[in-house]
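Asker: Chains A and B are the protein sequences, given in the same order. Going by the numbering used here, the first residue of the first sequence is number 3, and it counts up by one from there. Going by the numbering used here, the first residue of the second sequence is number 3, and it counts up by one from there.
There's no promise every hint is true.
[As the list claims (entries may be wrong)] 30 Å max Cα-Cα, derived DSSO-like pairs, lysine-lysine:
no.	chain 1	residue 1	chain 2	residue 2
1	A	K118	B	K118
2	B	K118	A	K89
3	A	K103	A	K82
4	A	K127	A	K100
5	B	K74	A	K155
6	A	K127	B	K89
[As the list claims (entries may be wrong)] Listed next, with one range per pair, are the computed distances between beta-carbon atoms:
no.	chain 1	residue 1	chain 2	residue 2	range
7	A	G125	B	E106	37 to 47 Å
8	A	D134	B	A146	48 to 58 Å
9	B	K82	A	G125	25 to 35 Å
10	B	G70	A	K118	25 to 35 Å
11	A	K82	B	G70	24 to 34 Å
12	B	D46	A	G125	22 to 32 Å
13	A	Q145	B	R81	18 to 28 Å
14	A	E101	B	L76	29 to 39 Å
15	A	G152	B	R56	19 to 29 Å
16	A	G152	B	E108	56 to 66 Å
17	B	K82	A	K155	34 to 44 Å
No lab work stands behind these hints: they were computed from the structure. Glycine included, C-beta positions come from ideal geometry on N, C-alpha and C.
There are 2 protein chains.
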Amino acid sequence: MKLDEAKQQFIQNWGVLGTQWGINRTMAQIHALLLVSPEPMSADEIMSGLKISRGNTNMNVRELMDWGIVEKVLKPGERKEFFSAEKDIWVVAMRIIKERKRREVEPILNALNQLKDIDAGKGDKDAKQFIDTINSIQKFASQASKGVDGLVKMDEHWFAGTLLKMFK
Amino acid sequence: MKLDEAKQQFIQNWGVLGTQWGINRTMAQIHALLLVSPEPMSADEIMSGLKISRGNTNMNVRELMDWGIVEKVLKPGERKEFFSAEKDIWVVAMRIIKERKRREVEPILNALNQLKDIDAGKGDKDAKQFIDTINSIQKFASQASKGVDGLVKMDEHWFAGTLLKMFK
DNA sequence: CCGAACTTTCAAAATTTTCTGAAAGATAAT
DNA sequence: ATTATCTTTCAGAAAATTTTGAAAGTTCGG
């Protein structure tokens, strides 16, 4: 298989995986493209590389930057902006997990809290069961959330230097 | 807040969370509805509870059963089928994680394997870098995958009885 | 200031995903 | 074997998401 062909395949696969995980296809593809590009790429290069419009490119690159897994790179003497993806997959995964937790899990946890505030007669079986369900979801989510924090913190500190090299 | 109101809210929230994680809104809502229902529900009850069509109901209930987090329950002397959700959130989470791994992560890992098969000259820098990237993704994914297996196995065995009670 | 080079925005169009409802398929009682 | 009850299917409709591209905005050198 030719190199370019392999890159192309990789980009497609990454796009599909993205969709399945609730990320839009193009965003995942741009990420893949940058991942396998030895050099930072300009908006125009991304556009022609993936055959997508300027607006689409701009929008999704910006979102990738929000996620902290793509950065803007300026080349001296060039007017254009270039973009490059974080190449360390472990770092990418940590950022994504951390960010999803912040954006999605935390708001839900808050919302759940309000739900426990129910007017119920003393012996109201149903209300009790409902509150139990909510409680158990909360307990689970907050444990998971702590687990993530732990992982991230580990990574940010010394652990990064040693054990985690195994993942690379 | 009234109990029904709270349930309603919960269902909506769960629907939103589902969308963000690549699960369709209705499926998540049906799951939520069953989660907070003290009794198993029939297709008709789900339809009227969520104001959705029969087809939609049938399709999504079936999918939830595929995921192993909802089951069909037959009541003696009733012609209808009833459905009930797994109430233990830890079990739900394990099933989902395990299933997503099987359906999504494993196929990608396979696909990646083929990509390393590249015709490259000996000193081909670019090809080398590409292969490195693919390798590191594979290594990461397979570690993560093993981690999941470990978690699941733990859960299936004795651990369930002890430490994991913390999550409930 | 002006204009060239580039980036951002956003309304409308295209695409993808989800949902509906009627028809066809089961199953069981009579 | 007929009918009543319930489930499944699926083509077309509706809704949601994504993409486009042209116009507006920005920035910089001269």
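Asker: Check whether the Cα positions of K74/B and K155/A lie no farther apart than 30 Å.
Answerer: 43 Å, violated
Asker: Measuring from beta carbon to beta carbon, are K82/B and K155/A in 34 to 44 Å?
Answerer: 51 Å, violated
Asker: Can you confirm whether the C-alpha distance between K118/A and K118/B stays at or below 30 Å?
Answerer: 53 Å, violated
Asker: Given a hint of 25 to 35 Å, does the C-beta separation of G70/B and K118/A actually sit inside it?
Answerer: 28 Å, holds
Asker: Within 56 to 66 Å or not, the Cβ separation of G152/A and E108/B?
Answerer: At roughly 27 Å between Cβ atoms, E108/B and G152/A fall outside 56 to 66 Å, so the hint is violated.
Asker: If you check the beta carbons of G152/A and R56/B, does the distance land in 19 to 29 Å?
Answerer: 46 Å, violated
Asker: Taking 48 to 58 Å as the stated bounds, is the beta-carbon spacing between D134/A and A146/B within them?
Answerer: Hint violated: Cβ distance 32 Å, outside 48 to 58 Å.
Asker: Keeping to a limit of 30 Å between CA atoms, is the pair of K127/A and K100/A held or broken?
Answerer: 38 Å, violated
Asker: Could you say whether the range 29 to 39 Å given as a hint is met by the Cβ separation of E101/A and L76/B?
Answerer: With a Cβ separation near 44 Å, E101/A and L76/B fall outside 29 to 39 Å, so the hint is violated.
Asker: Taking only the CA atoms, is the gap from K127/A to K89/B under or equal to 30 Å?
Answerer: Roughly 16 Å between the alpha carbons, so the hint for K127/A and K89/B holds.
Asker: Can the restraint linking K118/B and K89/A be considered satisfied, given a maximum Cα separation of 30 Å?
Answerer: Given that 30 Å is the threshold and the Cα spacing comes to 17 Å, the pair holds.
Asker: Does K82/A sit within 30 Å of K103/A, going by the straight-line distance between their CA atoms?
Answerer: 34 Å, violated
Of the numbered hints given earlier, the model fails hints 1, 3, 4, 5, 8, 11, 13, 14, 15, 16, 17; all others are met.
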